[in-house]
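2 protein chains.
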Amino acid sequence: MAVSTDAILDAASRVLAANPGATLADVARAAGISRTTLFTRYATREELLRALADDALDRTDAAIAAAGIGDPDRHPVEALADLTDAMMPLGSRLGYLLRERSLDDDEDLRERWARIDRVMTDAIRRAQADGRVRPDLPALWVGDAWFWLVVAAWEGIEAGRIAPLDGSRLVLSTLLDGAAAP
Amino acid sequence: MAVSTDAILDAASRVLAANPGATLADVARAAGISRTTLFTRYATREELLRALADDALDRTDAAIAAAGIGDPDRHPVEALADLTDAMMPLGSRLGYLLRERSLDDDEDLRERWARIDRVMTDAIRRAQADGRVRPDLPALWVGDAWFWLVVAAWEGIEAGRIAPLDGSRLVLSTLLDGAAAP
DNA sequence: TCAGTTCCGAACAGGAGTGTTATCATTGCG
DNA sequence: CGCAATGATAACACTCCTGTTCGGAACTGA
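Chain order of the listed sequences is A and B. What the first sequence shows, in my numbering, is residues 1 to 182, in sequence order. What the second sequence shows, in my numbering, is residues 1 to 182, in sequence order.
Calculated from the structure, these hints are not laboratory results. Mixed in with the good hints, there may be bad ones.
To be verified - Computed footprint of chain A on chain B; a stretch qualifies when at least three of its residues, placed anywhere within it, have a C-beta under 8 Å from a C-beta of chain A: (1) 105 to 113; (2) 132 to 143; (3) 148 to 154.
What the hints assert, rightly or not - Cβ pair distances, simulated, as ranges: (4) R101(B) <-> G32(A): 17 to 27 Å; (5) P72(A) <-> A159(B): 20 to 30 Å; (6) E158(A) <-> D136(B): 20 to 30 Å; (7) D105(B) <-> R169(A): 29 to 39 Å; (8) A7(A) <-> A129(B): 39 to 49 Å; (9) D73(A) <-> E46(B): 53 to 63 Å.
Think of the CB as a built atom: it goes at the ideal place given N, C-alpha and C, for glycine as much as any other residue.
Make a model of the complete structure from these sequences and hints.
Encoded structure:
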């Protein structure tokens, strides 16, 4: 196995995030292997896409667990800060999922994403009950706002609009404190 | 002209936003016309995509002008509120551009988008100078954060996670005041 | 009724991508 | 050195989409 599975998935996520219609030949070229070799790893395009999605969700699950988002004893703002840090390197891995709609009707993937959503929303509800997050905002919305601000940071970093090391801080500070001058 | 150009673009943006790889046959079906008739309006797929993008940018330009974003005398927060309201209905029209990468190398479209970006960023810089927006956040980032919160609202509304009429308020309140409890 | 227009359906050629197969070169191991 | 495994290259069939063409249906206006 000259080229690791991870290297293939990494190349694939970069190519497919940049252009969801990219050819398997493009992916293979980016991974430094031939198209036929790529087919020996993933028999069909869909199989590759599925593996990519699973890998992205694995990493997200791991980040959520490591940050202790589901832990009621953990300070929710600290947990969110840790999670945001951990999410920043996942740009292309997860970003590709945003643009790839052919997996929308995959029940397993939807269920995995719903579970992540539930963990986040529960944590936000606890933070609201603890008086740390505004109770007048729907918890679902706060979670969505956080996620899309992370996407904003991914895009901003990729486009060179913000410094890579600033991403996490900007997301957290904007989400929690807002952009209006005090 | 039984089916208006606008109806075709509307159907096309909905179909292509849901799935950028959708076939022209899909688009024609959604628009209620035949595939051959669609070809009489737009000779190639690229021509249709270009028309869609131009239309979306036209609407964005109009919304920016109507909100007075570029007007230094206008209260910047009120202008942003008006703009956010005006952006809410543009979900699929602009959302499709987010996912469509085949137009990334189109110089005209890039220039149009850059001009919109410049108007927004200038307005944010003025708001920072006036003490209405935190000066410690990069103006580029504030603009991006606003835009992606708008996207979050589009997605949330489409998924039924937030009420359509709440979108604009949630975006503004989150961006300006933050989600942390005071 | 006739002419003109607009649209649809069917059919076709061409191109591009997927997935398969067979053959050859390379590397590593016994 | 010989064998096995791995991957590359090339070629192929197949499918799907694009873009074009043609004949006919429906509607309109004189």
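We went through each hint and held it up to the structure:
Against chain A, the region 105 to 113 of chain B contributes 0 residues with a C-beta closer than 8 Å to a partner C-beta. That does not satisfy the three-residue criterion, and the hint is violated. Taking a C-beta to C-beta cut-off of 8 Å, the region 132 to 143 of chain B contributes 9 residues in contact with chain A, enough for the three needed, and the coverage statement holds. Requiring three or more residues with a Cβ within less than 8 Å of a Cβ of chain A, the coverage given for the region 148 to 154 of chain B holds, as 4 such residues are present. Our hint of 17 to 27 Å for R101(B) and G32(A) holds, since their Cβ atoms are close to 23 Å apart.
Taken as a hint, the range 20 to 30 Å holds for the pair P72(A) and A159(B), whose Cβ atoms sit roughly 27 Å apart. Range check, E158(A) to D136(B): Cβ separation about 23 Å, and the 20 to 30 Å hint holds. Checked against the hint of 29 to 39 Å, the pair D105(B) and R169(A) passes, with Cβ atoms roughly 32 Å apart. Range check, A7(A) to A129(B): about 48 Å between beta-carbon atoms, so the 39 to 49 Å window is met.
The hint said 53 to 63 Å for the Cβ distance between D73(A) and E46(B), and at roughly 56 Å that hint holds.
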